[in-house]
Amino acid sequence: MPDKTDKKTATLSPSAPPPAALDNADSNSEVTRRSFFSWLSIGWIAFVAATGGFFTMMLRFFFPNVLFEPVQTFRAGFPDDYQAGQVDLRWKAKFGTWIVRNDEGIYALSTVCTHLGCTPNWLNAEQKFKCPCHGSGFRKTGINFEGPAPRPLERFRIILADDGQIVIDKTKKYQQEKGQWSDPEAFLKV
Amino acid sequence: MSEKKGLLQRLAEGQIWTSIFRGGGTPKSRRQRMMVVLNSVFLHLHPVRLPKHAVKLKFTWCMGGLSFFIFLILTISGILLMFYYRPTIEYAYTDIIDLAEQVPFGIMREIHRWGAHAMVITVWLHMFRVFMTGSYKPPREFNWAIGVILLLLTLLLSFTGYLLPWDQLAIWAIAVGSNMARATPFLGSEGPGAALLAIGDINFVTVASDVRFALIGGRFLGEATLLRFYVLHCIGLPFIIMIFMAVHFWRIRKDGGISTPV
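In the order they appear, the protein sequences are chains A and B. The first sequence maps to residues 1 to 190 in the numbering used here. The second sequence maps to residues 1001 to 1262 in the numbering used here.
Mixed in with the good hints, there may be bad ones.
To be verified - Just so you have them, the derived chain A footprint on chain B, three or more residues with Cβ under 8 Å:
id, segment
1, 1031-1045
2, 1169-1176
Stated by the list, open to error - From the structure, some residues in chain A lie toward chain B, with a derived Cβ separation under 7 Å:
id, residue
3, F62
4, L67
5, V100
6, D103
7, Y107
8, G117
Simulated from the structure, these hints should not be mistaken for laboratory data. Owing to the predicted nature of the structure, the values given are computational and were not obtained by experimental measurement. Glycine included, C-beta positions come from ideal geometry on N, C-alpha and C.
Please take these sequences and the hints and turn them into a complete structure.
Quick look at the structure:
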């Protein structure tokens, strides 16, 4: 703001400022139109910045840094604990995982239906997963074949720990429709 | 007539009465009666005088008034339930059982539940009536928009209240409902456009940072979800809906009173 005032007087008359400008400079107590608008702008900018900052804080407040959620990685015992051709239900309630063993190896299926997130049931007689909510059906591999589910069940990362136990890591998911089931950690060869 | 003033008349002329109800004693003229309405914060939301057709049940169905009446019942019964209900996974379900079976007048919980169903029905019927009578037309188009927001808030109150009993019905309803939030454009991790908000391999909209995460307070339904829905249901949404209701009622008067049958 002082820059602008100087500039104006300078352009008007470099050698001798007009008496009106002198008067203005002398009477500090008087609020000029220019300084009023400057302070008004500063006030508004400060107000908008403070309000914007507060709303940003409010938004960020809803995304906590620490989550008190169940552990996402667990040890599921040894490969010999699982029989070939069986869908194992022992981790369904606690970790939301079906462990299936076939002739070649073991994979871990998510129990979350890909339609709207309910938990299907394994029907051994019919050899399929059937969702009670809207009737989606999945084969033992996890491939969807009936009902509204748009894609196969997801598989979790499955690896062997140093002590020979199976480790299931639920933070990493593999989707068949993206070609991720061929990933070496989506299937444990035994 | 005796000259001695009766007790009621002396009360009406006393300082206590006149300081609360301005206008100088019993209203006798039309103007005085009008001032009584205008000087009351509660009454002034309503029109001073009603046209005869405005109280015709055949035209209004009284669905707006009923919706507000049920809202008051829900507020009172809801506050009463809050004295017993604890929004934690450990206690939520058993507190509902306790409310229904052990607490005196356990019907309070049923009143709240059935009242909630009833309010959703009356709000829809109110909207249907307003539509069929053409009452959304100018100059009332702004109040229609306010009404649509009120409908949305009613449904959100219903949705958040649904989870609180923490039974199978509640959890699966919210599981399905919150999974839909994944598909929100740009803001949901599986929604259209979410992949665009990324720099290189770093996605900004992920399972741990999308709109569903903010809604349920985590990646999975749990303790945080229950608490968030409880606060929204008991404080957040009622606060917002009351502001919009005040505007809605006041605008009826400002838009020229209730609409007239053709």
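Okay, the hints, checked on the actual structure:
| no. | hint | verdict |
| --- | --- | --- |
| 1 | 1031-1045 | violated (count 0) |
| 2 | 1169-1176 | holds (count 3) |
| 3 | F62 | holds (5 Å) |
| 4 | L67 | holds (5 Å) |
| 5 | V100 | violated (23 Å) |
| 6 | D103 | violated (34 Å) |
| 7 | Y107 | violated (21 Å) |
| 8 | G117 | holds (4 Å) |
The structure shown violates the earlier hints numbered 1, 5, 6 and 7.
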